[in-house]
Structures are given as structure tokens and as C-alpha cells.
Amino acid sequence: QANSMGFNTMCRLLGLGVGNFCAGLILDCFYTGNIPPELQKGGNQGESLLSGLFDDGQTSQIYTTMGYVLMCSGCAVCNLISAALLYSIPVDKVIGTTTGRRG
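In terms of the numbering used here, the sequence shown opens at residue 6 and continues consecutively.
One thing to keep in mind: the hints can contain errors.
Pairwise CB distance ranges (calculated) [what the hints assert, rightly or not]:
{"#": "1", "residue 1": "Thr14", "residue 2": "Cys83", "range": "14 to 20 Å"}
{"#": "2", "residue 1": "Ser65", "residue 2": "Gly11", "range": "41 to 47 Å"}
{"#": "3", "residue 1": "Ala89", "residue 2": "Asn8", "range": "25 to 31 Å"}
None of these hints come from the bench; they were simulated from the model. Quick reminder that beta carbons are idealized off the backbone N, C-alpha and C, glycines included.
Given the sequences, and given the hints that come with them, work out the whole structure.
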């Protein structure tokens with residue numbers, strides 16, 4: 006059982022790594038060319054923390070909205086596929102009983 010738990014953990018870590026990599030690739034395709042305010046020359050000194058909430062959004066947006074929509078849609082599709090795969094596993098084979106549930 007310890008080997009299967011280790012395999013499960015490594016598969017989850019691989020999935021997280023590959024998922025983050027793919028999400029980064031998707032977002033990189035929709036890069037606007039704007040530099041984040043923190044990295045601009047002089048930084049954001051003298052500005053309040055809430056000043057980013059009230060700007061026009063064009064100068065501080067690093068990725069387009071469509072990039073975020075595609076990234077979130079891809080994550081939702083992967084989650085639905087995972088749920089469908091898990092739902093298709095017969096309960097009898099997992100638990101090893103004939104009734105499917107232990108009482």
C-alpha cells in the first residue's frame with residue numbers, strides 16, 4: 006500500500022507541474038508587452054496599495070483577458086475529464102466486495 010500511495014503522490018505532483026507549465030504557455034501567448042508596475046524603473050514608490058484598483062487597466066494588464074478565459078476553460082475541461090474518469094471506476098473493484106459498499 007505504501008508504494009501505491011507514493012505513486013499517487015508523484016502522479017499528483019507531475020499533474021501539478023505539467024498543469025502549471027501549460028497554463029504558463031497559454032498565458033504567454035496572450036502577453037500584452039506591459040511591464041508590471043513593481044518592475045518598472047523606480048517601482049511604485051509613493052503609490053498606495055489601492056491605487057492599482059482604480060487605474061484604467063490598460064497599462065497594468067500584463068496578459069489579455071482572453072488568455073485568462075482560455076486558461077480557466079482549459080482547467081475546467083481537465084477537471085471535468087478527471088471527474089468523469091473517476092466516476093467510471095467500478096466501486097466493487099476498488100473496495101473488493103461484492104456489494105460495493107461496506108456496512
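Query raised in the report: Hints broken by the structure, by number, lowest first?
Result: none
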